[in-house]
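**Q** Residue numbers (the working numbering), protein chains in the order written: chain X, 1 to 251; chain P, 252 to 534.
If you are wondering where the hints come from, they were derived from the structure by calculation, not from laboratory data.
Note that beta-carbon positions come from the ideal geometry of N, C-alpha and C, so glycine has one too.
Treat the hints with care, as some may be off.
Stated by the list, open to error - Partial chain P-side listing against chain X, Cβ under 10 Å, derived: (1) ARG264; (2) GLY400; (3) ALA404; (4) ASP413; (5) ALA417; (6) SER466; (7) LEU491; (8) GLY493.
As the list claims (entries may be wrong) - Beta-carbon label-pair distances, calculated as ranges: (9) GLY23/X / LEU316/P: 55 to 63 Å; (10) GLY97/X / VAL389/P: 52 to 60 Å; (11) PRO29/X / ALA396/P: 43 to 51 Å; (12) GLY513/P / ARG242/X: 57 to 65 Å; (13) GLY60/X / GLY356/P: 36 to 44 Å.
As the list claims (entries may be wrong) - Partner residues aside, some chain P positions facing chain X, computed with beta carbon under 8 Å: (14) ARG416; (15) GLY419; (16) PRO422; (17) ALA424; (18) ALA470; (19) VAL506.
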Amino acid sequence: MTAAVTASTLVVAYGGGAPALEGVDFSLPAGSSLCVLGPNGGGKTTLFRALTGELTPLRGSVHVDERPAYLAQTERTRLDFPVSALDVALMGSLANGRWWLPARRSDRAAARGALARVGLDDRADVRFGELSGGQRQRVLLARALVQDASVLLLDEPLAGVDPASGERIEALFRELRDEGRTLLVSTHDVDSARAFDRVLCLNQRQIAFGNPSTALTRAALERTYGDEIVVLADDGSGGPVRAVTVQHHHH
Amino acid sequence: MDLLEPLQSGIERRALLEVALLGGFCGALGYWIATFRLSYPAESLAHGLLPGLVLAALAGLPLLLGGVVGVAAAALVIALAGRDPRVGSDTATAVAVTGLLGFGGLLALSPDAPARLEELLFGNPLGVSDGDLIAAAVLALLGCAALVGLHRALGAVALDADGARALGIRPTAVRIALLGLLAAALAVAVQGLGSLLVLAILVAPAVAVRGHVSSPGRAMVAAGATAVVAGIAGIYASHLLGTAAGASVALTLCVAAAIGAGLPVRQAARNGGSPPLRSRASQ
């Protein structure tokens, strides 16, 4: 199977500073799913920004089959901007490159369809800033769906969303993979990583990459998260463990 | 009073046409200037272009040329001044703009200069020439066409620049296009409203309509219409009260902004409309 996403000895830095992420080396087959784990500041978003082309590698290279759909963290959207959920989903059709033309009827149909897939077809005309955090995340996911890309990069799509939104989003992950799309999802939820084909652990460098059974070991998770990891169940075999992360607030 | 009276004078007819043409475009553009938080840079450019205007007046060249060169020079000076991180770009801009204003004043007040400083600073819509009107009409036509073409890209970048970039839109290019439109608008509109008052026609209408609109498209139309109505009201007020036309237009625009800002906000516009302007994931 051909690789849809590849990073080769990747090193990324911001400005002229020290590398924010280094030693990243993995290859993801088309149609598979990857869970990217790591603490805050561990380089998850940096990796995604390198894959979208927003950041140029300091060394090494990245390859993505075509322009990926990218779901950034919701923190970056502006809530006082007067657009409806449908307007936001419709922005996905800008990826067709004809940004100077008005949206076509087929674009509108695709945007409505995408909102239906994330379970928000009844909220199409509601103002984006009025939706809950989880609903906004689903609208942004709908925007990525309208883009109809074969590779999707989703940066913490489950952070701060309500359980209903979370379930809907996770169901959508399975649907997208069944459609043969390649999915990269970053998360803090170590337990949810077990449902993915591959796991990539980052802590400013690549700690582990592989199947959940080989990558989610106690040693790898402790090197990824340091004292933020709490192992819940460990059979002592050195194999995969169940664990959660806890946020230590340093004041 | 006879509402048609100002229309009978060619001078006032031209002034009304000028504020209508400038208002329609500048009001719509101003919505994006305010949305992209470019009001302070816009004010800086408007004030900083004064030396260009004065030099054109001294040399007997068209003021439009002076406006264009002045905007470009002001942008360069402000950009260079803002490069020193120890000073900070706000402070550097303030110093650079004050310096440019002072330099413009110095040139205009030299003994052999024509006494037009007041007009260059505060504008004189009643003094617009046919050439000014043509420039305003071309600006309105091309500028509105550019805003229509850029509409979706502007919206995508305004909502979230990273998301827009992932869709293949280059946020920096969109911002540069917006600044280009701003520079063109300032260079043309400064003829009628002057270096100190021109910002009113750009920013005040956006303040007036913000909070009462349901989409960026409607905001642009509403801001353009507000600028036209307030601009015309300003010319009438100056006619009736015998006040300076440029200052009257600037004041009616600011009164419209105050009224718009004071009216109850649309329910839909209120949620999330106050700071913080960026969403926060719930903790």
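**Q** State for each hint whether it applies.
**A** How the hints compare with the structure:
Taking 10 Å as the C-beta contact cut-off toward chain X, the hint placing ARG264/P at the interface is violated, the least distance being around 36 Å. The beta carbon of GLY400/P comes within 4 Å of a beta carbon in chain X, closer than 10 Å, and the hint placing it at the interface holds. Because the beta carbon of ALA404/P sits about 5 Å from the nearest beta carbon in chain X, less than 10 Å, this interface hint is met. Annotation: ASP413/P was flagged as interfacial toward chain X, and the flag holds, the nearest CB pair being 4 Å apart, inside 10 Å.
This hint holds: ALA417/P has a C-beta 3 Å from the nearest C-beta of chain X, less than the 10 Å allowed. Hint on SER466/P holds. Least Cβ distance to chain X is approximately 6 Å, under the 10 Å limit. Here the hint on LEU491/P is broken, as its CB sits about 36 Å from the closest CB of chain X, past 10 Å. Look at GLY493/P: its Cβ only gets to about 41 Å from chain X, farther than 10 Å, so that hint breaks.
Distance hint check: the CB atoms of GLY23/X and LEU316/P are about 57 Å apart, consistent with the given range 55 to 63 Å. The hint said 52 to 60 Å for the Cβ distance between GLY97/X and VAL389/P, and at roughly 29 Å that hint is violated. Range check, PRO29/X to ALA396/P: about 47 Å between beta-carbon atoms, so the 43 to 51 Å window is met. Restraint check, GLY513/P to ARG242/X: a C-beta distance of roughly 58 Å satisfies the suggested window 57 to 65 Å.
For the pair GLY60/X and GLY356/P, the beta carbons lie near 56 Å from each other, so the given range of 36 to 44 Å is not met. The restraint placing ARG416/P at the interface with chain X holds, with a minimum CB-CB distance near 6 Å, inside the 8 Å limit. Interface hint status for GLY419/P: upheld, as the beta-carbon distance to the closest one in chain X is roughly 5 Å, under 8 Å. This hint is violated: PRO422/P has a C-beta 10 Å from the nearest C-beta of chain X, more than the 8 Å allowed.
Residue-level restraint check for ALA424/P is violated (minimum Cβ-Cβ distance to chain X is 11 Å; threshold 8 Å). Checking ALA470/P against chain X by beta carbon gives a least distance of about 7 Å; that is within 8 Å, so the hint holds. A least Cβ separation of about 24 Å between VAL506/P and chain X goes past the 8 Å threshold, and the interface hint is therefore violated.
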